[in-house]
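These protein sequences, in sequence, are chains A and B.
Taking the numbering used here, the leading residue of the first sequence gets 1, the next gets one more, and so forth.
Taking the numbering used here, the leading residue of the second sequence gets 1001, the next gets one more, and so forth.
A portion of the hints provided could be inaccurate.
Some, not all, of what chain B presents toward chain A, calculated at C-beta under 10 Å [stated by the list, open to error]:
| id | residue |
| --- | --- |
| 1 | 1187 |
| 2 | 1190 |
| 3 | 1194 |
| 4 | 1196 |
Per label pair, the in silico range of CB-to-CB distance [stated by the list, open to error]:
| id | chain 1 | residue 1 | chain 2 | residue 2 | range |
| --- | --- | --- | --- | --- | --- |
| 5 | A | 123 | B | 1188 | 27 to 37 Å |
| 6 | B | 1102 | A | 70 | 23 to 33 Å |
| 7 | B | 1108 | A | 347 | 43 to 53 Å |
| 8 | A | 19 | B | 1019 | 50 to 60 Å |
| 9 | B | 1019 | A | 43 | 44 to 54 Å |
| 10 | B | 1080 | A | 126 | 47 to 57 Å |
I should point out that these hints are in silico values taken from the structure, not numbers from a laboratory.
Backbone N, C-alpha and C define an ideal beta-carbon position, used for all residues, glycine too.
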Amino acid sequence: MATNDVLRLEGLTRSFGHNAPAVNQVDLRLEAGSLFCLLGPSGCGKSTLLRLVGGYLAPDAGRVFLADVDVNDMPLERRNIGMVFQNYALFPHLTARANVAFGLEARGVPRSERRQRVDAMLDRVGLSSTERERRPRELSGGQQQRVALARALVIQPKLLLLDEPLANLDRQLREQMRLELKEILRTTGVTALLVTHDQEEALSLADRVGVMLGGRLLQTDAPRVLYNHPRTPFVAGFLGLANLLRVADAVGDMLHLEGGLSLRGKGTKDNRVMIRPEKFLLGPAAERCPTRWTGRVINTLFLGAQQMLQVAVTPAVTVRACCRPGEAGDGDEVTLGIPDDAVWIVPGEDV
Amino acid sequence: MTPSRFRPYLLASPAIVLLLGFFLAPMLQLGRVSLYDGGGRSGFGIGGGGFYKPNTWTFQAYRTLAGETYFREVWTFTVLLGLGVACITLLIAYPLSLFIHRLPPRAKALALTAVVLPKLANVLVLIYGLELLLSNSGPVNGLLVGLGAVSEPVAFFHNLPGVLIGETYLILPYAVLALVASLDRIDPALVPAARGLGAGPLRVFWRVTLPLSAPGIALAAMLSLIWALGAFTGPVLLGSPQELTLAVEVQRQTFENLNWPRGAATAVLMLVTLAACLVLYQVPARFLRRRGGAP
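All chains, please: the whole structure from these sequences, using the hints.
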């Protein structure tokens, strides 16, 4: 059956020693030209999954299809997958240019064409002509990152794998490289699978994000869907800040929550209710909301564009809420308005 | 000198005293002895025979050596033997090191122990063990004859092959240690990275593993050469009178010919040869460092 999928994983499983599987029954499909991001805390199996796809590891069970071809038994040098390693894994004895040319050399591309393609790719990633003649140790982290990206892209791979590509850069450079990376990936039109533990990176770069925990893919969706409609408590908490409250009892369309709070909504006992901090309304707007909680501000964090409040709405429950800087201060009594669309009932449980 | 500037020297003083007293002083003494006039009869030699004429200064010993075909032949043989042993050692040690390098940690530790183990035994024990193994009625010849590979037992010692086998056997552990260390220093992600870029195992070896282990190869070659230039036990016990090296010549001139200036001059020239090798080694080593491999 021919599909438009560049990559398809079916029941991919791999364990190390006698431990629980690092990757457990993972199914995944990547359409051509898409940028998929695997997101999860360290040790969740996302890097292992990437290595299974690249052929750097063999799965215990399950299959990897590249453009509908089963590649389980194909050695990695024949898969034509580009990989950007977390530590870049550049060849220390070769210049930046020779590093990029390596894959073309292995494919027997003639010298003149090789030179032209290498230069075109280094132009695209923005490495200056003097930097091209330097060895990796003479280049900065950001420049090494560009070389690694060029080396993986110049072979025109069917699929590009990126393992925590921005993790080794300092914050400012990381933000800049994130923009450049997105631009480069979009203009080359390559299908990419990226691994990161940085939720901001995942949300800003990817078309679709898969959240992993304990070797399983909990949820795969577009970033907005994932953020607004998480299917499990872990997904809700891992992406951004979330107030998660357990439903103690559901009567009609009223939910009674732990700590004596209640709000309008449909759910069942033991469901989790998620309200993002920025969804609370304060001041006059709060008065028009169907549900209102009042509480005392016990802590404030100034975050530049906005201010984060910690509000004790009952003696046992504190929630986090965003407001404009200066709108409320420590010790203030505030009313938090909850519009109906601010409430999301998390339907599932973490496995 | 303030106390803080003095302290490092104080800490190093045992080593300094040791080096001055037991290394530098004998070296100077060696140099002095090489400048005596030989063949004296009034020295403190045993039975009245003299090792040298005291209170003389002459380059006679060096002049004799320089003009002699015999000495030049011994020198040339020693250097060629050193180069030959270094080459054979590398050819055996590199594949072995590659094999050990790829073993899982526990097996690697075991393999390295096995390689170094012979070094814990006395060198004479090793050589006599080799003789037993390689003798006409030994297991190696037994196997060769039994398989019909040869009709007569092969003479493995008291000839040049004997010396080569013996010296290689003695040097191999050092070369393997140097090579495994340099292979272990290579970033383990580089080989999979190269394969992921489409390079087959052979290309990965030529373009990645071999160039990055070049500093280790240079070091192993240097160690082997230095060791082989001082070859003594091998030539004496496994060679014939034809396999005469500088080290053996020093011993013969000093203790058999009782010509101390000549023995000392030979020793000095041997040291000069070693020093020249060390200097020459800097050339490839610097080149390799520039090529970016681990130093």
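Verification of the hints:
1. Hint status for residue 1187 (chain B) relative to chain A: holds, with the closest Cβ pair at about 6 Å, below 10 Å.
2. Taking 10 Å as the C-beta cut-off, the interface hint given for residue 1190 (chain B) holds, the closest approach to chain A being about 6 Å.
3. A cut of 10 Å between beta carbons decides the hint on residue 1194 (chain B): the least distance to chain A is about 7 Å, and the hint holds.
4. At a threshold of 10 Å, the smallest CB-CB gap from residue 1196 (chain B) to chain A is about 5 Å, leaving the interface hint in force.
5. Roughly 32 Å separates the CB atoms of residue 123 (chain A) and residue 1188 (chain B), a value that falls within the hinted 27 to 37 Å.
6. A hinted range of 23 to 33 Å holds for the C-beta pair residue 1102 (chain B) and residue 70 (chain A), which are about 29 Å apart.
7. Checked against the given bound of 43 to 53 Å, the beta carbons of residue 1108 (chain B) and residue 347 (chain A), roughly 51 Å apart, stay inside it.
8. About 54 Å separates the C-beta atoms of residue 19 (chain A) and residue 1019 (chain B), a value consistent with the hinted range of 50 to 60 Å.
9. Separated by about 52 Å at the C-beta atoms, residue 1019 (chain B) and residue 43 (chain A) satisfy the suggested range of 44 to 54 Å.
10. For residue 1080 (chain B) and residue 126 (chain A), the Cβ-Cβ distance of about 55 Å falls inside the hinted range of 47 to 57 Å, so the restraint holds.
Consistency note: the structure conflicts with none of the earlier hints.
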